[in-house]
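Asker: As a plain string of letters, each chain reads:
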Amino acid sequence: MSDAAIRPKIERASLAESLKTRAPLALVPALALVGFLAIGSFPTWVTLTVAGLAMGMMIFIMASGLTLVFGLMDVINFGHGAFVTVGAFVGFTVLAWLAGWTSDPSILINLTAVFLAILASMAVTGLLGYAFERTIVMPVYGSHLKQILVTMGGLIIAQQLIIVIWGPDAIHLSRPEALQGSFIFGTALVEKYRLLAVVVGLILFLAMSYVLNRTKIGLLVRAGVENGEMVEALGYRIGRLFLGVFMTGSALAGLGGVMWGLYQETITAHMGSEIMVLVFIVVIIGGLGSVGGCFIGAMLVGLLSNYAAFLMPKFALVSTIVLMVAVLMWRPQGLYPVVKAK
Amino acid sequence: MSEPLLALDGVHTHIDQYHILQGVSFQVPAGGVTMLLGRNGAGKTTTLRTIMGLWHASSGAVRFDGRDITALSTPDIARLGIAYVPESMGIFSDLTVRENMVLAATAGTMDNSRLDWIFELFPPLKTFWDMPAGNLSGGQKQMLSIARAIVEPRRLVLIDEPTKGLAPAIILSVRKALEALKETDTTILLVEQNFSLASRVGDTVAVMDDGRIIHTGEMAELAADRSLQERLMGLSLEAHQ
Amino acid sequence: MISKLLSGDRPGSPILAIVVLAIFLALAFAPFLFPGTRSVETAARICIFIVLVASYDLLLGYTGIVSFAHTMFFGIGAYGVALAITVMGASFAAILVGAVGGVLVAMLLALLIGLFSLRVKAIFFAMVTLAVASAFAVLVSQMSAITGGEDGLNYAIPSVFKPATKLMDGRLFGVRLDGKLLLYYFVFVCALILFLVMLRMVNSPFGRVLKAVRENAFRAEAIGYRVVVYRTAATVLSAAMAALAGVLIAVWLRYTGPATTLSFEIMIDILLMVVIGGMGTMYGAVIGATLFILAQTYLQTLMGAASEATSSIPLLPHLIDPGRWLLWLGVLFVLSVYFFPTGIVGRLRGRSA
Numbered sequence: 001m002s003d004a005a006i007r008p009k010i011e012r013a014s015l016a017e018s019l020k021t022r023a024p025l026a027l028v029p030a031l032a033l034v035g036f037l038a039i040g041s042f043p044t045w046v047t048l049t050v051a052g053l054a055m056g057m058m059i060f061i062m063a064s065g066l067t068l069v070f071g072l073m074d075v076i077n078f079g080h081g082a083f084v085t086v087g088a089f090v091g092f093t094v095l096a097w098l099a100g101w102t103s104d105p106s107i108l109i110n111l112t113a114v115f116l117a118i119l120a121s122m123a124v125t126g127l128l129g130y131a132f133e134r135t136i137v138m139p140v141y142g143s144h145l146k147q148i149l150v151t152m153g154g155l156i157i158a159q160q161l162i163i164v165i166w167g168p169d170a171i172h173l174s175r176p177e178a179l180q181g182s183f184i185f186g187t188a189l190v191e192k193y194r195l196l197a198v199v200v201g202l203i204l205f206l207a208m209s210y211v212l213n214r215t216k217i218g219l220l221v222r223a224g225v226e227n228g229e230m231v232e233a234l235g236y237r238i239g240r241l242f243l244g245v246f247m248t249g250s251a252l253a254g255l256g257g258v259m260w261g262l263y264q265e266t267i268t269a270h271m272g273s274e275i276m277v278l279v280f281i282v283v284i285i286g287g288l289g290s291v292g293g294c295f296i297g298a299m300l301v302g303l304l305s306n307y308a309a310f311l312m313p314k315f316a317l318v319s320t321i322v323l324m325v326a327v328l329m330w331r332p333q334g335l336y337p338v339v340k341a342k
Numbered sequence: 001m002s003e004p005l006l007a008l009d010g011v012h013t014h015i016d017q018y019h020i021l022q023g024v025s026f027q028v029p030a031g032g033v034t035m036l037l038g039r040n041g042a043g044k045t046t047t048l049r050t051i052m053g054l055w056h057a058s059s060g061a062v063r064f065d066g067r068d069i070t071a072l073s074t075p076d077i078a079r080l081g082i083a084y085v086p087e088s089m090g091i092f093s094d095l096t097v098r099e100n101m102v103l104a105a106t107a108g109t110m111d112n113s114r115l116d117w118i119f120e121l122f123p124p125l126k127t128f129w130d131m132p133a134g135n136l137s138g139g140q141k142q143m144l145s146i147a148r149a150i151v152e153p154r155r156l157v158l159i160d161e162p163t164k165g166l167a168p169a170i171i172l173s174v175r176k177a178l179e180a181l182k183e184t185d186t187t188i189l190l191v192e193q194n195f196s197l198a199s200r201v202g203d204t205v206a207v208m209d210d211g212r213i214i215h216t217g218e219m220a221e222l223a224a225d226r227s228l229q230e231r232l233m234g235l236s237l238e239a240h241q
Numbered sequence: 001m002i003s004k005l006l007s008g009d010r011p012g013s014p015i016l017a018i019v020v021l022a023i024f025l026a027l028a029f030a031p032f033l034f035p036g037t038r039s040v041e042t043a044a045r046i047c048i049f050i051v052l053v054a055s056y057d058l059l060l061g062y063t064g065i066v067s068f069a070h071t072m073f074f075g076i077g078a079y080g081v082a083l084a085i086t087v088m089g090a091s092f093a094a095i096l097v098g099a100v101g102g103v104l105v106a107m108l109l110a111l112l113i114g115l116f117s118l119r120v121k122a123i124f125f126a127m128v129t130l131a132v133a134s135a136f137a138v139l140v141s142q143m144s145a146i147t148g149g150e151d152g153l154n155y156a157i158p159s160v161f162k163p164a165t166k167l168m169d170g171r172l173f174g175v176r177l178d179g180k181l182l183l184y185y186f187v188f189v190c191a192l193i194l195f196l197v198m199l200r201m202v203n204s205p206f207g208r209v210l211k212a213v214r215e216n217a218f219r220a221e222a223i224g225y226r227v228v229v230y231r232t233a234a235t236v237l238s239a240a241m242a243a244l245a246g247v248l249i250a251v252w253l254r255y256t257g258p259a260t261t262l263s264f265e266i267m268i269d270i271l272l273m274v275v276i277g278g279m280g281t282m283y284g285a286v287i288g289a290t291l292f293i294l295a296q297t298y299l300q301t302l303m304g305a306a307s308e309a310t311s312s313i314p315l316l317p318h319l320i321d322p323g324r325w326l327l328w329l330g331v332l333f334v335l336s337v338y339f340f341p342t343g344i345v346g347r348l349r350g351r352s353a
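Residue numbers (this note's numbering), protein chains in the order written: chain H, 1 to 342; chain X, 1 to 241; chain R, 1 to 353.
Please note that a few of the clues may not be correct.
[To be verified] Only part of the chain H face toward chain X is listed, based on derived beta-carbon distances under 10 Å: (1) Leu219; (2) Leu220; (3) Arg222; (4) Ala223; (5) Val225; (6) Glu226; (7) Asn227; (8) Met230; (9) Ala233; (10) Tyr236; (11) Arg237; (12) Gly239; (13) Val338.
[To be verified] Straight line, CA to CA, 16 Å or less: simulated EDC-like cross-link-like pairs of lysine to aspartate or glutamate: (14) H:Lys146 with R:Glu215; (15) X:Lys182 with X:Glu152; (16) H:Lys314 with R:Glu150; (17) H:Lys216 with X:Asp94; (18) X:Lys126 with X:Asp116; (19) H:Lys20 with X:Asp94; (20) H:Lys192 with H:Glu177.
Honestly, the hints are just simulated from the structure, not real lab data.
Ideal placement from N, C-alpha and C gives every residue a C-beta, glycine not left out.
I would like the entire structure built from these sequences, with the hints used as guidance.
Answerer: Next comes the structure, spelled out in structure tokens:
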């Protein structure tokens with residue numbers, strides 16, 4: 001066989017390939033370094049970096065579902081932000097019911113309350129995702145124009161229904177006792193809740209990577225992103241797969257909503273559409289459909305937002321737009337463009 | 001001949017406003033290789049895709065093993081034991097060779113002795129087992145695509161132009177694989193432009209033109225009759241010899 | 001003559017022609033037909049939104065691109081005038097400088113956005129414009145030293161447009177001939193001219209290429225049209241028109257702020273007007289904008305009454321509260337995209353064809 005002659009070519013290709021895939025990984029530490037040089041103070045830098053990573057993790061949780069849904073079914077859901085908002089409201093409602101638990105001095109009872117709130121909001125947003133996919137999204141497969149319009153319409157309806165149910169005013173809720181206050185590392189101050197957000201985000205990212213790389217469902221999702229027709233020809237129902245991913249993505253948005261709400265300690269009916277701006281920037285930076293790119297993009301946006309908010313407060317959001325433009329100049333399809341068959 | 005494994009009866013297929021298949025009728029007998037020949041654009045790929053349910057026939061019937069599968073969805077058709085090797089090969093380039101095979105083994109785990117048999121047919125697959133399939137050469141991708149279709153015993157394998165653009169050495173191993181597959185009691189419906197390969201592996205043949213079947217019969221008969229070849233397919237096939 | 005003014009693009013259905021003519025006549029004689037501050041206010045809004053919606057349709061309907069930055073361009077035009085008047089004082093020169101500046105900035109920004117996001121996928125454009133427009137709105141509200149922040153800018157306009165200015169003694173059909181009347185006709189004539197210019201654009205060879213790109217970008221590219229160039233050009237032109245509409249609203253309201261120009265709610269309003277009126281036809285903008293603004297002005301009052309009348313029933317009063325106006329619009333919007341994608345104009349034309 002001729003494979004002996006072909007092998008060196010493959011190794012060369014894979015070297016170039018690996019360089020191409022690893023280059024974006026260096027961006028996060030590079031940005032952290034630039035941030036350090038610009039800020040100058042080590043304790044401030046540590047505080048801001050943890051804050052940035054925490055924010056990035058929360059955005060990642062919200063954005064991952066969106067990017068996967070796009071990759072798998074070529075559907076862009078402009079109503080994704082509605083799940084963030086609903087998740088936050090359901091979570092806050094549960095936490096308000098459990099007010100006795102959240103003010104309890106025991107960390108365990110505090111965390112149980114948060115856990116129950118998260119569970120409830122993920123269940124509700126997951127089911128809502130089911131309804132949304134079946135009624136709003138399914139009739140408009142294949143037409144981006146209609147998808148954008150219809151999911152935007154869905155977002156308006158959802159936002160208004162939230163106001164009907166929970167009222168038009170912002171809701172305030174303090175974090176449970178155990179999640180208030182800060183740790184002090186040397187001279188650096190790190191909020192407990194931010195650290196928790198980083199840990200939860202990391203666990204979720206690792207779990208997601210495991211599922212996508214090591215399980216059959218994950219392989220099917222990745223295969224479906226590239227060539228859904230072939231996945232069907234092998235005998236798998238991609239519609240069900242898609243519905244599952246859509247529901248998971250919605251539930252993750254709900255989780256992100258609860259976490260974001262606890263981070264801000266205030267929620268409004270418009271929070272979802274406000275966060276969606278950052279989510280879109282992250283998804284574009286990462287490359288539509290790429291989970292790994294989405295993670296890096298989220299970290300970059302989180303860090304940059306916090307550094308910029310410290311250095312030039314009025315330009316925090318604008319700085320992320322500049323980042324997006326810079327990435328698009330380097331890679332017009334985002335950091336990790338997703339290969340599509342045909 | 002007993003009941004055919006696959007039978008198309010007056011199948012019409014529209015793609016958007018185009019009327020591609022205009023009443024296709026032919027049969028694929030159980031066992032052996034049926035060749036589907038014809039010029040580019042005659043409707044061969046559309047025929048395979050219609051059988052697979054990737055396009056749906058607007059009228060007519062596709063019967064597999066006596067059962068009407070015209071309206072079934074693609075996954076249901078695949079689960080009846082029909083595998084498809086598309087012209088584009090449909091490799092998942094983001095996945096490794098092994099992962100591509102794992103997904104193709106719908107019943108569950110891969111059978112080791114069958115895997116050894118596949119490695120014997122296509123040694124490069126063993127060499128690059130844990131490499132991303134996207135890094136394979138064109139010929140190796142074709143091997144993987146066929147291997148995926150036969151990772152488990154299938155009753156019918158649809159293969160669309162497997163030798164297109166491949167080097168002679170690789171065409172040879174594809175041909176050997178087809179011959180080995182024939183011996184396992186698998187029925188093959190093969191679209192092929194390479195006439196010499198077609199006449200070597202084919203048992204029966206159907207020739208298409210302009211969305212219709214214009215000839216059916218034994219492959220050997222067609223291979224022996226030059227004037228019939230010329231009448232059915234013009235000179236285009238000669239160029240591939 | 002009329003056919004030439006309309007660039008040969010007739011309404012194409014008798015009912016549609018009557019409706020469009022009726023809207024034209026109503027707007028042309030609004031101060032006389034419907035005297036009163038509120039109705040003239042409404043008529044001017046309709047004129048301005050017809051231009052704004054038509055310019056959005058240039059993108060959505062004729063080019064098949066979804067943009068969420070249209071209010072940004074609208075706002076740039078308005079803030080251009082507001083800032084110029086604030087700096088230079090109330091004069092026509094200031095309005096002109098502001099308008100030219102605003103239009104140029106809008107075009108430049110549209111060009112940049114187009115170059116970055118239209119190269120890859122049209123869907124990028126929707127996401128990028130959403131992000132950029134939000135960032136712009138935040139920036140404007142934070143740079144309060146210049147823009148007045150959330151409060152916006154109040155300013156004077158040239159005195160000839162002031163209600164206190166009497167143009168002539170006496171009344172015509174019972175209407176005072178004052179500066180406000182002149183201002184209304186200034187807005188009306190400008191809007192009419194801009195609308196006719198856009199009608200010309202979409203019926204020019206350029207407009208036909210846009211439609212070809214929308215129908216099948218791949219084929220248009222194969223024939224030899226640079227799809228990116230045409231899409232970007234449409235984006236830039238549409239931005240310029242939106243900025244001009246912004247100039248009109250800045251002059252008319254004597255006030256420019258985020259709520260009247262940049263808010264996302266206005267973006268949603270524009271989307272609704274285009275879809276309900278009918279995408280891909282300039283007359284759709286006329287009908288959509290007119291219907292929507294009439295409904296916005298008068299239907300909400302009705303909803304308020306209904307809400308109070310049903311106050312004893314649970315939940316229902318909340319659903320028909322005038323504040324929930326957007327809820328019903330959202331439902332209407334989704335339903336019209338599904339069942340009514342060509343809008344009112346498409347329906348009317350379909351019936352006559």
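Asker: Hint by hint, note whether the structure agrees.
Answerer: For each hint, the structure was consulted:
no. : hint                   : verdict
1   : Leu219                 : holds (5 Å)
2   : Leu220                 : holds (6 Å)
3   : Arg222                 : holds (6 Å)
4   : Ala223                 : holds (4 Å)
5   : Val225                 : holds (8 Å)
6   : Glu226                 : holds (5 Å)
7   : Asn227                 : holds (6 Å)
8   : Met230                 : holds (4 Å)
9   : Ala233                 : holds (5 Å)
10  : Tyr236                 : holds (6 Å)
11  : Arg237                 : holds (5 Å)
12  : Gly239                 : holds (9 Å)
13  : Val338                 : holds (8 Å)
14  : H:Lys146 with R:Glu215 : holds (14 Å)
15  : X:Lys182 with X:Glu152 : holds (14 Å)
16  : H:Lys314 with R:Glu150 : holds (14 Å)
17  : H:Lys216 with X:Asp94  : holds (14 Å)
18  : X:Lys126 with X:Asp116 : holds (9 Å)
19  : H:Lys20 with X:Asp94   : holds (14 Å)
20  : H:Lys192 with H:Glu177 : holds (11 Å)
Hint compliance for this structure: every hint is met.
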